[in-house]
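There are 2 protein chains.
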Amino acid sequence: MRGFLLNNVLPFWAKNAIDREFGGIITMLDRDGKIYGTDKNVWFMGRAMYTYALAYNELEKKQEYLDIAEEMYRFLPKCELDESGRLPFIVARDGRPLDVNSAYFSETFAAIGCAEYYIATGDKNVWASAEKYFNIAYSLYKKDLARTPTADPPIVETKALGPSMIMLSTAQVLRKVEKEKYDSIAKECADEILVHFIEGKGLLENVSLTGEFVDTPTGREINPGHSLEAAWFLMSEGVYQNNTLYKTKAKDIIDISMRHGYRDGGIIAFCDCDGNPPSQLEWDMKIWWPQCEAIIANLLCYNVFGEEKYLKDYEALRNYAFSRYTDSERGEWYGYLHYDGTVANTLKGNVSKGPFHLPRMLYLVDKLERGENIW
Amino acid sequence: MRGFLLNNVLPFWAKNAIDREFGGIITMLDRDGKIYGTDKNVWFMGRAMYTYALAYNELEKKQEYLDIAEEMYRFLPKCELDESGRLPFIVARDGRPLDVNSAYFSETFAAIGCAEYYIATGDKNVWASAEKYFNIAYSLYKKDLARTPTADPPIVETKALGPSMIMLSTAQVLRKVEKEKYDSIAKECADEILVHFIEGKGLLENVSLTGEFVDTPTGREINPGHSLEAAWFLMSEGVYQNNTLYKTKAKDIIDISMRHGYRDGGIIAFCDCDGNPPSQLEWDMKIWWPQCEAIIANLLCYNVFGEEKYLKDYEALRNYAFSRYTDSERGEWYGYLHYDGTVANTLKGNVSKGPFHLPRMLYLVDKLERGENIW
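Residue numbers (the working numbering), protein chains in the order written: chain A, 14 to 388; chain B, 14 to 388.
Bear in mind the hints are in silico, worked out from the structure with no lab data behind them.
The hints are all genuine.
DEER-style ranges, computed between Cβ atoms:
1. Asp-287/B / Glu-96/A: 35 to 45 Å
2. Glu-170/A / Gly-213/B: 46 to 56 Å
3. Gly-213/B / Asp-265/A: 50 to 60 Å
4. Lys-91/A / Ser-115/B: 26 to 36 Å
Positions of the beta carbon are idealized from the N, C-alpha and C atoms, including for glycine.
Isolated chain A, as found in the complex (with noise of 0.2 Å):
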């Protein structure tokens, strides 16, 4: 696993996808690591910062992996859509807008890297940077979960997981500079995660605003990868502040995500909890990152629990993975699979993926094998 991240997964970004002439990161690359396009997804410049600062802190104290989160941090600023600091979804080359949305993800990702890179440095401008880019996207979550329906006759409004869930990562980074704030704020995130959990259904990408089951597709719609992935920010909570709540309901959002996810040795992207057609075309794809965050579920649930069978879908999965996503000539994961394991795109990079899930989960898998905590 670490040899793995130290010598292929971190070089390839290194080598290939850093921005020398505008700043950055530029994710969009082909099989070979050949820039195919160069629009910027700024949630990579908080996650590269965060990915290569992580590195530096807790592997090898390597110059090139410092200069990488620099030239992240210095790239931030040139996205910036005003005096407050609020970022883009999609930038130009140069770091004009293309793609504004309503998200704050942008800017969670943007405080985990500054956080990470403030450890790395004790430059107290990168902390004041980590700080302000975590209260914009927190005052957006609180407006955002005030909401109350408005129509009448009521039409249905919903609320998403993936907010509470990446709150509750975020903050859980933030904590290793500022303990007490955050700590706090990553209880309200998991116990927020919480109301999405509805029994014999699943862990709900959206439930109402009073967090009732909506039966509708949208209300009805499983991402078993972001299942997996909030299930182990919870159980990591439970272990951290000593919560058998979270610990015991982290292991039950595991079991019924593989039972709605799992098919012949990978995690589908998306399914309706009741059976019903689903949405998504790609449906029953494999894609990368619901593979790495379904290793470290189980593997994490191995560990606090003993039970053999996570163990044993630990290892399934990681074999799965490993054996079917590695491109053992040209470096790197390929993206995503079709149903059935075949590899259905060589890109090894686009809008979504770029160095992040991959290196997080091997840094973490290798921690987990050793016995360890995630924080």
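Knowing the structure of chain A, use the given hints to seat chain B on it.
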């Protein structure tokens, strides 16, 4: 073809999809025709009106067809956003807007539905509605084409193929009522389609505002089903106007689109014209509607040019599609096959699949096999 249309496809939607309580049509039907979601795509109000009014006008004077068209016609005003008649994209079951976007295809499909329903009824109010919806769409179309690049330094802005091809096919229907005005608009739109046909690349989904090839994932995007659909719109216009340029260019588009899109009997969903990794996860899936459009395009091309190659391709495509998509037990076609031709999703309808591409293909192939012209 005609029997399958009249005895299978039209009854399937008539029986399962018409919303007798709130009006309009619900297209989210599972394999058995059971409704699994009630959000409505406004496109299908116009499309279903068109399909059933056309069946009434051209195939069989069945009161049921007229009643369905009437049902759609009465629901449309419930969807209108304002006095002007502007329509949203998705509405709740009662017609309230859920998704409003800047496209105007709800209006173009409403226009063809009303035009065909006017032919059935002779009701002048219905023709007034057709013109109202057409005028909204046409003025937005012209406004969009008049865009000029604004960013400095330039960010390459693009224009899409969809609008000109949909406006062409809309004008082709409306001229059944008012020849001169819509003949001239059809010509203008046919010329605009040709702007997207770049030598050696294909019929591109997106070109620069001034009609140049753009070397980005967006600029290199090919949707072979879309290309083949545009090709038969253009070729049928060439036949109607006796315009050799349209006919030969349409043939060239068919040739290159089949090279890009034909694989093992069917047409894939997307590719990059230069062989870079496609952006869409579903790129090599075989979706039902590109098969319909490819079948029409090749048969029409055979009728116009008499070259055996097109007859052979038509037969291969038709045999593949009818053997793979037909659900001989429960009616209609499946919509989505994996890359290898196995069924990927058993749904019969969703927000994109309803009574339009398949019935239109069945109607036209029946006509073309008898050697008739489309218009």
